[in-house]
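Chains as they are written, first to last, in our numbering: chain A, 235 to 579; chain B, 235 to 579.
Derived by calculation from the structure, the hints in this document are not laboratory data. Any given hint could be a false lead.
Any copy will do: because identical chains look the same in the list, a pair fits if it lies in one copy or spans two.
Taking lysine-lysine and the DSS-like style, the derived pairs with C-alpha atoms no more than 30 Å apart in a straight line are [what the hints assert, rightly or not]:
hint, residue 1, residue 2
1, Lys367, Lys543
2, Lys241, Lys577
3, Lys543, Lys503
4, Lys398, Lys565
5, Lys457, Lys272
6, Lys391, Lys565
7, Lys241, Lys413
8, Lys536, Lys486
9, Lys398, Lys486
10, Lys457, Lys413
11, Lys503, Lys457
12, Lys423, Lys367
For reference, the chains in residue letters:
Protein chains: 2
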Amino acid sequence: MNDTFLKACRGEKVDYTPVWMMRQAGRYLPEYQEVRSKLTFLELCKTPELAAEVTIQPIDILGVDAAILFSDILIPLEAMDLTLEFHEKIGPVFPDPVRDRQSVDRLIIPDPEEHLNFVLETIRILRRELAEKVPLIGFSGAPFTLATYLIEGGSSKFFFETKKMMFTAPDLYTSLMDKITECTSVYLKAQAAAGAQALQIFDSWAGVLAPGDFERYALPYVKTIIADLKETTDIPIIYFANNGATLLDQSKTSGADVLGLDWRVDIAKAVEQIGPDISVQGNLDPSALLLPEPQLRERVAKILAGAAKARGHICNLGHGIHQFTPPSQAKIFIDAVHELSGKSS
Amino acid sequence: MNDTFLKACRGEKVDYTPVWMMRQAGRYLPEYQEVRSKLTFLELCKTPELAAEVTIQPIDILGVDAAILFSDILIPLEAMDLTLEFHEKIGPVFPDPVRDRQSVDRLIIPDPEEHLNFVLETIRILRRELAEKVPLIGFSGAPFTLATYLIEGGSSKFFFETKKMMFTAPDLYTSLMDKITECTSVYLKAQAAAGAQALQIFDSWAGVLAPGDFERYALPYVKTIIADLKETTDIPIIYFANNGATLLDQSKTSGADVLGLDWRVDIAKAVEQIGPDISVQGNLDPSALLLPEPQLRERVAKILAGAAKARGHICNLGHGIHQFTPPSQAKIFIDAVHELSGKSS
Numbered sequence: 235m236n237d238t239f240l241k242a243c244r245g246e247k248v249d250y251t252p253v254w255m256m257r258q259a260g261r262y263l264p265e266y267q268e269v270r271s272k273l274t275f276l277e278l279c280k281t282p283e284l285a286a287e288v289t290i291q292p293i294d295i296l297g298v299d300a301a302i303l304f305s306d307i308l309i310p311l312e313a314m315d316l317t318l319e320f321h322e323k324i325g326p327v328f329p330d331p332v333r334d335r336q337s338v339d340r341l342i343i344p345d346p347e348e349h350l351n352f353v354l355e356t357i358r359i360l361r362r363e364l365a366e367k368v369p370l371i372g373f374s375g376a377p378f379t380l381a382t383y384l385i386e387g388g389s390s391k392f393f394f395e396t397k398k399m400m401f402t403a404p405d406l407y408t409s410l411m412d413k414i415t416e417c418t419s420v421y422l423k424a425q426a427a428a429g430a431q432a433l434q435i436f437d438s439w440a441g442v443l444a445p446g447d448f449e450r451y452a453l454p455y456v457k458t459i460i461a462d463l464k465e466t467t468d469i470p471i472i473y474f475a476n477n478g479a480t481l482l483d484q485s486k487t488s489g490a491d492v493l494g495l496d497w498r499v500d501i502a503k504a505v506e507q508i509g510p511d512i513s514v515q516g517n518l519d520p521s522a523l524l525l526p527e528p529q530l531r532e533r534v535a536k537i538l539a540g541a542a543k544a545r546g547h548i549c550n551l552g553h554g555i556h557q558f559t560p561p562s563q564a565k566i567f568i569d570a571v572h573e574l575s576g577k578s579s
Numbered sequence: 235m236n237d238t239f240l241k242a243c244r245g246e247k248v249d250y251t252p253v254w255m256m257r258q259a260g261r262y263l264p265e266y267q268e269v270r271s272k273l274t275f276l277e278l279c280k281t282p283e284l285a286a287e288v289t290i291q292p293i294d295i296l297g298v299d300a301a302i303l304f305s306d307i308l309i310p311l312e313a314m315d316l317t318l319e320f321h322e323k324i325g326p327v328f329p330d331p332v333r334d335r336q337s338v339d340r341l342i343i344p345d346p347e348e349h350l351n352f353v354l355e356t357i358r359i360l361r362r363e364l365a366e367k368v369p370l371i372g373f374s375g376a377p378f379t380l381a382t383y384l385i386e387g388g389s390s391k392f393f394f395e396t397k398k399m400m401f402t403a404p405d406l407y408t409s410l411m412d413k414i415t416e417c418t419s420v421y422l423k424a425q426a427a428a429g430a431q432a433l434q435i436f437d438s439w440a441g442v443l444a445p446g447d448f449e450r451y452a453l454p455y456v457k458t459i460i461a462d463l464k465e466t467t468d469i470p471i472i473y474f475a476n477n478g479a480t481l482l483d484q485s486k487t488s489g490a491d492v493l494g495l496d497w498r499v500d501i502a503k504a505v506e507q508i509g510p511d512i513s514v515q516g517n518l519d520p521s522a523l524l525l526p527e528p529q530l531r532e533r534v535a536k537i538l539a540g541a542a543k544a545r546g547h548i549c550n551l552g553h554g555i556h557q558f559t560p561p562s563q564a565k566i567f568i569d570a571v572h573e574l575s576g577k578s579s
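Same shape as in the complex, but just chain A:
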């Protein structure tokens, strides 16, 4: 197996820089569109054979160094006994937002083997099929990010209801976060037990918090999950606080082996701030995949040089690949990372 990705996560010596892309199994690939055309997004997440199929597509098509489970961060929330819908052009919707004591108290902690078995089954299939290829990354959302969807009832622009609960009903907020944290912890442990070889925690909305609020209202729950995981598994853990340039001093205390970086931050500066004990992952602007090849390669070279002093570097985008990106441009990116970091062909 190509274990370059796992080595870079652990800060071990690698022959070249491994690369994968957030949302690499997704709508920009015609092969994905074809599978997806036959069923809804949620159905696809819940059909292990097909979820595994789309997970593997970018490995063969693009030559990335890791696979990431095809799923959605909101899947375990649905299993907390909530209704989850995906609406075209709007995105995820929880028709019954969680904003009071009663709705927090009725949330259950799902048993992954029972309520989320389709995820574990997808992982088991993937481990068999990927055995000779690349490692498999499992994932979850971070508790703050997950909480925003429950409290707002879906995506949000200002996160007003979330912050309102945080600032005016801190006990309720804590109860909700404790439950989401427990759910996430159990869920990630089950993914590891099923065969995930690394785990990424997506804190997609961490960047809407001021540093002091992140430290108080979001990070402690991430730390709990990571500490919990570290008791039962030694697979690498990646923490990605999106738009988190101002949160790095706190994020580096999360306990994660790798910190994901979005494209807003100069990777060399971030590496300096993060120090020698944690690997980094990132951070090309997904839209920069549109650049003509010479300029795209220049950007890759700059990212590789900027990350040279990191304990380890996994090249990636700074956010998910956009659905209107030509796959041929994604291939230029992947190839450039490999070539420019010295992979022998």
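Position chain B against the provided structure of chain A, taking the given hints into account.
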């Protein structure tokens, strides 16, 4: 006139820290809602007597130290001969996005006296009515931010079309930016000539750019406008690059007298990075206005202490006040800034 705000902009000694709030003339005020209920948002912007009335409301109700013209950053774009609509819950819409040579070439540079006279008339009314009270801030959007609305056809999540033009049609992008820059420059000069006593340039979407792209595709146009203004007026200029923590090293070269800071950045760290030659404005999370009074005052105290070493500090929110904020909470904020910074009552 209370000139504390202007002095802080210039880094002159002040007796207390001046404060105003972005979107202080807005929907959170019942007095605003009442005026607004009689006409559309765009009609209100274009009715000088009423626009002046809502501009003044927060001065009397909250006791802020500056007034900001009631208008919208998209108003001058409409005057470039574009159709602009405001849709409930969606926001601004340009039904004919500007994405090709033909649609760039047909844009006109509006003559403010002719096409935007209602703005200048609002400023003239305000100067008469505010004479004994507080200074009046005029404003515009920054070219990059304005361009995103034209290219995307409204608000956006990923700014894919904007970056696509930037990365794949750089000449077209430059032509569009040059036109918007000229339009903005002429517009701000006219606001100054009509009586605006300070000007704020809102770069609401600067934060979606990687630092290198900001430096290349956004900042030069801001610099052109500020340099242009500095030739004809000495009123203070505030540049606010929202979500711009990673852009501070570049923003401080903009030529602005004051840099606005959003709430994501620790103000003490930002002040250290900005240095002794520029004043700062900010930066309470607007949602933190919901906090119980003692905690809200604590946050104000922390911001005031964090900005102590700045050349000058204008206290403000880190973004516009949210429409569901109780005005009484806004009043606690304003009063706390005044009291804690030593205003004699």
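Against the structure, the hints come out as follows:
1. In this assembly of identical chains, the alpha carbons of Lys367 and Lys543 lie at most 30 Å apart only when taken from the same copy (28 Å versus 56 Å across copies).
2. In this assembly of identical chains, the alpha carbons of Lys241 and Lys577 lie at most 30 Å apart only when taken from the same copy (15 Å versus 59 Å across copies).
3. Within a single copy, Lys543 and Lys503 get their C-alpha atoms as close as 10 Å, and across copies as close as 24 Å, so both meet the 30 Å cut-off.
4. When the C-alpha separation of Lys398 and Lys565 is checked against a cutoff of 30 Å, the pair qualifies only between copies, where the shortest distance is 18 Å, while the shortest distance within a copy is 44 Å.
5. In this assembly of identical chains, Lys457 and Lys272 lie within 30 Å of each other by CA distance neither inside one copy nor across copies; the values are 40 Å within and 52 Å between.
6. For the identical chains of this complex, Lys391 and Lys565 are inter-copy neighbours only, at 25 Å across copies versus 33 Å inside a copy, given an alpha-carbon limit of 30 Å.
7. Taking identical chains as interchangeable, the C-alpha atoms of Lys241 and Lys413 are never at most 30 Å apart, the minima being 33 Å within one chain and 51 Å between chains.
8. Proximity of Lys536 and Lys486 under a CA criterion of 30 Å is satisfied in both settings, with 23 Å inside one chain copy and 24 Å between copies.
9. Proximity of Lys398 to Lys486 under the C-alpha cut-off of 30 Å is restricted to the intra-copy arrangement: shortest distance 27 Å within a copy versus 33 Å between copies.
10. For the homomeric pair Lys457 and Lys413, the shortest alpha-carbon distance inside one copy (15 Å) is at most 30 Å, but the shortest distance between copies (50 Å) is not.
11. In the homo-oligomer, the alpha carbons of Lys503 and Lys457 lie at most 30 Å apart both inside one protomer (24 Å) and across protomers (25 Å), since each shortest distance falls under that limit.
12. In this assembly of identical chains, the alpha carbons of Lys423 and Lys367 lie at most 30 Å apart only when taken from the same copy (23 Å versus 62 Å across copies).
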